[in-house]
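Peer 1: Here is what each chain is made of, one letter per residue.
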Amino acid sequence: MSVQLEPNGRLRHLLTTEGLPREMLTRILDTAESFSGVLGKSVKKVPLLRGRTIINLFFEPSTRTRTTFELAAQRLSADVLNIDVATSSTSKGESLLDMLRNLEAMQCDAFVVRHADSGAAEFIARHVRPGVAVINAGDGRHAHPTQALLDAFTIRREKGPLEPLTIAIVGDILHSRVARSQIHALLGLGAGQVRVIAPRTLLPRDIQRLGVRVYEDMDAGLEGADVVMMLRLQRERMRGALLPSESEFFARFGLTEKRLERTHPDSIVMHPGPVNRGVELDPRVADGPRSVILRQVTNGIAVRMAVMSIVLGGYSDATETGLEESPS
Amino acid sequence: MSVQLEPNGRLRHLLTTEGLPREMLTRILDTAESFSGVLGKSVKKVPLLRGRTIINLFFEPSTRTRTTFELAAQRLSADVLNIDVATSSTSKGESLLDMLRNLEAMQCDAFVVRHADSGAAEFIARHVRPGVAVINAGDGRHAHPTQALLDAFTIRREKGPLEPLTIAIVGDILHSRVARSQIHALLGLGAGQVRVIAPRTLLPRDIQRLGVRVYEDMDAGLEGADVVMMLRLQRERMRGALLPSESEFFARFGLTEKRLERTHPDSIVMHPGPVNRGVELDPRVADGPRSVILRQVTNGIAVRMAVMSIVLGGYSDATETGLEESPS
Amino acid sequence: MSVQLEPNGRLRHLLTTEGLPREMLTRILDTAESFSGVLGKSVKKVPLLRGRTIINLFFEPSTRTRTTFELAAQRLSADVLNIDVATSSTSKGESLLDMLRNLEAMQCDAFVVRHADSGAAEFIARHVRPGVAVINAGDGRHAHPTQALLDAFTIRREKGPLEPLTIAIVGDILHSRVARSQIHALLGLGAGQVRVIAPRTLLPRDIQRLGVRVYEDMDAGLEGADVVMMLRLQRERMRGALLPSESEFFARFGLTEKRLERTHPDSIVMHPGPVNRGVELDPRVADGPRSVILRQVTNGIAVRMAVMSIVLGGYSDATETGLEESPS
Chain A
969 MSVQLEPNGR
979 LRHLLTTEGL
989 PREMLTRILD
999 TAESFSGVLG
1009 KSVKKVPLLR
1019 GRTIINLFFE
1029 PSTRTRTTFE
1039 LAAQRLSADV
1049 LNIDVATSST
1059 SKGESLLDML
1069 RNLEAMQCDA
1079 FVVRHADSGA
1089 AEFIARHVRP
1099 GVAVINAGDG
1109 RHAHPTQALL
1119 DAFTIRREKG
1129 PLEPLTIAIV
1139 GDILHSRVAR
1149 SQIHALLGLG
1159 AGQVRVIAPR
1169 TLLPRDIQRL
1179 GVRVYEDMDA
1189 GLEGADVVMM
1199 LRLQRERMRG
1209 ALLPSESEFF
1219 ARFGLTEKRL
1229 ERTHPDSIVM
1239 HPGPVNRGVE
1249 LDPRVADGPR
1259 SVILRQVTNG
1269 IAVRMAVMSI
1279 VLGGYSDATE
1289 TGLEESPS
Chain B
969 MSVQLEPNGR
979 LRHLLTTEGL
989 PREMLTRILD
999 TAESFSGVLG
1009 KSVKKVPLLR
1019 GRTIINLFFE
1029 PSTRTRTTFE
1039 LAAQRLSADV
1049 LNIDVATSST
1059 SKGESLLDML
1069 RNLEAMQCDA
1079 FVVRHADSGA
1089 AEFIARHVRP
1099 GVAVINAGDG
1109 RHAHPTQALL
1119 DAFTIRREKG
1129 PLEPLTIAIV
1139 GDILHSRVAR
1149 SQIHALLGLG
1159 AGQVRVIAPR
1169 TLLPRDIQRL
1179 GVRVYEDMDA
1189 GLEGADVVMM
1199 LRLQRERMRG
1209 ALLPSESEFF
1219 ARFGLTEKRL
1229 ERTHPDSIVM
1239 HPGPVNRGVE
1249 LDPRVADGPR
1259 SVILRQVTNG
1269 IAVRMAVMSI
1279 VLGGYSDATE
1289 TGLEESPS
Chain C
969 MSVQLEPNGR
979 LRHLLTTEGL
989 PREMLTRILD
999 TAESFSGVLG
1009 KSVKKVPLLR
1019 GRTIINLFFE
1029 PSTRTRTTFE
1039 LAAQRLSADV
1049 LNIDVATSST
1059 SKGESLLDML
1069 RNLEAMQCDA
1079 FVVRHADSGA
1089 AEFIARHVRP
1099 GVAVINAGDG
1109 RHAHPTQALL
1119 DAFTIRREKG
1129 PLEPLTIAIV
1139 GDILHSRVAR
1149 SQIHALLGLG
1159 AGQVRVIAPR
1169 TLLPRDIQRL
1179 GVRVYEDMDA
1189 GLEGADVVMM
1199 LRLQRERMRG
1209 ALLPSESEFF
1219 ARFGLTEKRL
1229 ERTHPDSIVM
1239 HPGPVNRGVE
1249 LDPRVADGPR
1259 SVILRQVTNG
1269 IAVRMAVMSI
1279 VLGGYSDATE
1289 TGLEESPS
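Those sequence lines, one after another, are chains A, B and C. Reminder that position 58 of the first sequence reads as 1026 in my numbering, one-by-one numbering, no gaps. Reminder that position 2 of the second sequence reads as 970 in my numbering, one-by-one numbering, no gaps. Reminder that position 20 of the third sequence reads as 988 in my numbering, one-by-one numbering, no gaps.
Just so you know, these hints were derived from the structure itself, not from any lab. It is possible that some hints are incorrect.
Each pair may be met inside one copy or between any two copies, as identical chains are not told apart.
Unchecked claim - Cut-off 20 angstroms, straight-line C-alpha distance, at most; resulting in silico cross-link-like pairs (SDA-like, lysine to any residue):
1) Lys1127 / Thr1266
2) Lys1009 / Glu1072
3) Lys1013 / Gly1281
4) Lys1226 / Pro1257
Given the structure is predicted, the values throughout are model-derived calculations rather than measurements.
Generate coordinates for the entire structure from the input sequences, incorporating the hints supplied.
Peer 2: Below, the structure is given as structure tokens:
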């Protein structure tokens, strides 16, 4: 915790949603709200981070995630540099710390880090020098905080304050950095009730301790839910035979129109993407009127702009920074 | 047709030169003319597309073509993102449409699409949401409209109005998206006479129907031509043994200084590049005084800037937009 | 020489530090000094090269070097395009000269060239058209002038004028383009004494002719040195068994704290990076109080900005160009 928050409460890095004070969570969402307006205009750009350098440091390739951070940085007028570590630099046998020291010495302002190992972003945050921010873009099974924040932002936009809401997270909770970050963000924001729905083999032990209700039966878990958050089935992350087959998974935990009837009549359906149609979601649900999946993507840019602007320190409140001005 | 043109005549996408009204073709060339001036200055940049995002979506790698679009976008002050689909994203099994929906949701303004399949750009254009433009950067054997437009622009600059001109297109007409787009653009602009010169095996059936004259004999076809447009021999696109050998091809259809004597004394020589020296063109012709091959490349930037600025809607006439002002 | 300098003394290209007049070397360092101030600010950007296009043309991959040039160009507000020739373009059989002609025709202003062959940058410089500048980012065993200049800049910043200094270069002199460029830069700037320390097998014949003193014994060579410049052991560049083993190399030529005692009490330690810890340098020395290795990296951005701004012609003196102004 202390790694990402300074004693005065300032957000220095964003590594996890765990332990983030409610005020900070709310401030990120409020800041994202102010950027949403900018993104609706034809000139989708503010000069907030002009002359700052943000490095996308991807140890695990992800065109999709990298693209969202690159767009967010461009729209803040930052300079962006993509370093695909998997395919490039460490070929000369440079250590991770040496690589960091060098990039820091080039006077970069932030690293957006994606890594296959849990804890990698925090490791890097512990070692960067003062003034350099680290944003976790997904580390192993540990955390994916910007995804969780954009989900929370989407729920707040679609359903209003989280206090009265019942939110169900469905799927492979065990292997999901997204689920872990969602639970912390939603409870941190005061969500009324957070449920997890999964087969026992895909549930972490003691998951109840986080403050969620556990359901192994999909129908029971969906009952009256205001929000259904489906997880992506991370086939590549499964080890051994935790699941019999995709079709059996769909039969037990796939979201169909019929199952949706159990939820609140105004419920919304979410998914972090990309959707495996017919595995997690019936295509009619994925593309149906309750799906806000594409709005999550749109909101993802605004939320990432908010996180970047907050950790880079220049930003406290949209009204202070002349966001509405036409930038030069 | 209706896909790229709106009922009011506005150019929404650029997919093909086929069926483009003469006024629109002329407007693109006139707009390119206004950008040509900008590119001659040391600050080769106008603020026309500031805050707009253009995505180069290349399903088929082409550093050369991507570079021209990237430079054109930079010089309009747009933000550019390169997505090399061949090597990256669909690895997670995301469908093309899901990928498009996601990129659209990130509030991109245009896709520049290169694809090995004919019709791919139109398919994408049919599915993007309102407000997003598609520019075809080459789809299979179908079309390569920006190449054809830069060729027409080059001819107009070098030789004046197209009405009195005789233009010969030489080479593998059958497999060439460039030839197809050139024929439509040149005839659409009112060129006096368009000839195609090729062995029978490399001629599409019924090519005459497009309004061109067909020659299987190079010498006859070059007689009195004002412009000779050589095609690249797309070896990779040939299936089976349509041609005996490269040297025989050169003997029958290669452009030599001797053959050039048959053309008009002021004729010019064009090629879309990269040139296979000694296969399509004698090196002395490729680098000789009549060659305008490198001017085609220069003009390509201005023409692509024109297309981008027109489909992105902000642009109608150089004099209206303060192009001559020093951008801030 | 005449390739990089115009008759009036203007620097047209930067290919080598050999033969660069002392005034030009000093001017580059002075210009870099003025940029250093900019880089310390939060808005690390000046509008000096707005609307100019710089192409990183890397025939040999080097994420690290490319990154420094890309950052330098961004901070001058230039547009940058990365072309990784190794993996891309020449696949269509395009010759190097054709590729250059094409990129020039796109109205690029400078090429930053990295190539495995000695002389490649000069070859390109001899063939580009007037108005296009070439910056050598390392060519074979020949030269790496920006590295040498940033080293000289670092020495001047840390130790003051070079005249009274004794500078020792240690390691594989034979294969090192860095060493060659350092020797020319340091002697060109009037350094008091430049020594090279290496086993005989890693010394070029007649190296003395360059004006350096040669030591095969490390301890003798370090005696009283003000600056120790360690070279990277270019294992990939060694052919045959010039060295018995890395550990033996370290035993004879590795820089340890004990050996450092022979140098001047205020001596500094340099390395072009990335460091092979335990091969060239004891980790305690690499990370110790005398090491200025990371400051070299920081200075590298300012020096590359200086070189770009000088060869691109817009820049003569920080005070003339309103560097201190907040750019629009």
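Peer 1: Starting from the hint list further up, note which numbers the structure goes against and sort them upward.
Peer 2: none
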